[in-house]
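Counted from 1, the sequence shown has number 21 at position 21 by the numbering used here; the numbering is strictly sequential.
Calculated from the structure, these hints are not laboratory results. Be aware that a few hints might be false.
[What the hints assert, rightly or not] Cross-link-like lysine-lysine pairs, in silico, BS3-like; alpha carbons within 27 Å at most:
#, residue 1, residue 2
1, 217, 231
2, 59, 213
3, 24, 109
4, 24, 154
5, 154, 109
6, 231, 154
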Amino acid sequence: MGEQKHRIALLTDSTCDIPPDYVKQYDIFVVSQYVIWGTEELRDMIDIDPRSFYERLVKEPVSPKTSQPVVSDFVRTLERARDEGAEEAVIIVISNQLSGTILSARQAKEMVDIPVHVVDSLSTSMGLGWQVLAAARAREAGGDAQAMIAAADKTRQTMQVIFSVDTLEYLHRGGRIGGAAKLVGTALQLKPQLYVDHATGRVEPGERTRTRKKALKRVYEVFFENMDTSKPMHIAVLHSAAEEEATGIYERIREEYEPVELLMGNVTPVIGTHTGPGAIGIVGYYET
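Given the sequences, and given the hints that come with them, work out the whole structure.
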């Protein structure tokens with residue numbers, strides 16, 4: 001990482017889906033979640049990357065599970081940040097409704113000798129990532145920890161996380177289906193739309209369609225119905241082993257809406273464990 005450039009360290013977890021060049025540019029510490037595959041414990045995005053993960057997922061008879069970072073993972077990262085010059089830290093993590101990550105972060109906070117602020121993003125993927133980037137940009141502008149947290153909170157007020165999974169099978173297996181549980185059984189053959197409710201931090205069911213084409217069309221339409229397209233928009237298109245379709249959506253957004261920031265990437269293996277291959281999401285917010 002080299003010399004710590006900031007008095008306030010910024011930490012998140014690997015479900016943030018922030019592109020690696022942004023992580024480096026903004027000096028963000030990313031604490032890995034774990035993919036548990038049989039007896040193997042793989043650090044998300046370190047020991048396993050999306051490409052090798054999806055290749056293995058469709059072949060392997062054993063289903064992977066996921067596990068949150070342990071307290072010592074956060075302690076170690078906070079100590080490293082402190083040793084590199086940080087006098088304070090802000091940790092922004094995945095929704096408490098989707099993972100126990102925040103519990104590990106809160107315990108770690110009590111075990112280091114610098115002030116640490118732990119924030120529940122009430123989101124995941126780039127719904128978390130955009131909040132972390134907003135905090136990083138507030139820090140770049142000279143903001144203190146409270147300004148960083150306020151910037152993250154502000155993006156969450158207009159944040160939309162909408163995605164379609166090709167099958168509910170993986171969400172059902174992983175037990176992370178939340179309010180979407182009622183879809184199982186009646187709808188395994190349908191293409192469900194899911195969204196994150198940022199009031200509760202839960203994944204909830206949206207519309208159901210019979211074809212993938214219609215599902216992706218409705219994800220696009222519903223996302224922009226919930227955005228103020230007259231305002232500057234920051235948008236990410238995420239996918240799990242569905243690059244061609246994601247690229248089509250990315251290009252369409254660029255042509256139709258010209259957001260101030262538009263990213264595309266893979267979801268992390270930990271998220272992919274729950275969505276399975278073929279998931280596509282649009283995640284973004286507008287400035288107010």
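Taking the hints in turn, this is what the structure says about them:
no.	hint	verdict
1	217 x 231	holds (22 Å)
2	59 x 213	holds (26 Å)
3	24 x 109	holds (24 Å)
4	24 x 154	holds (23 Å)
5	154 x 109	holds (24 Å)
6	231 x 154	holds (14 Å)
Comparing the model with each earlier hint shows no violations; every hint is respected.
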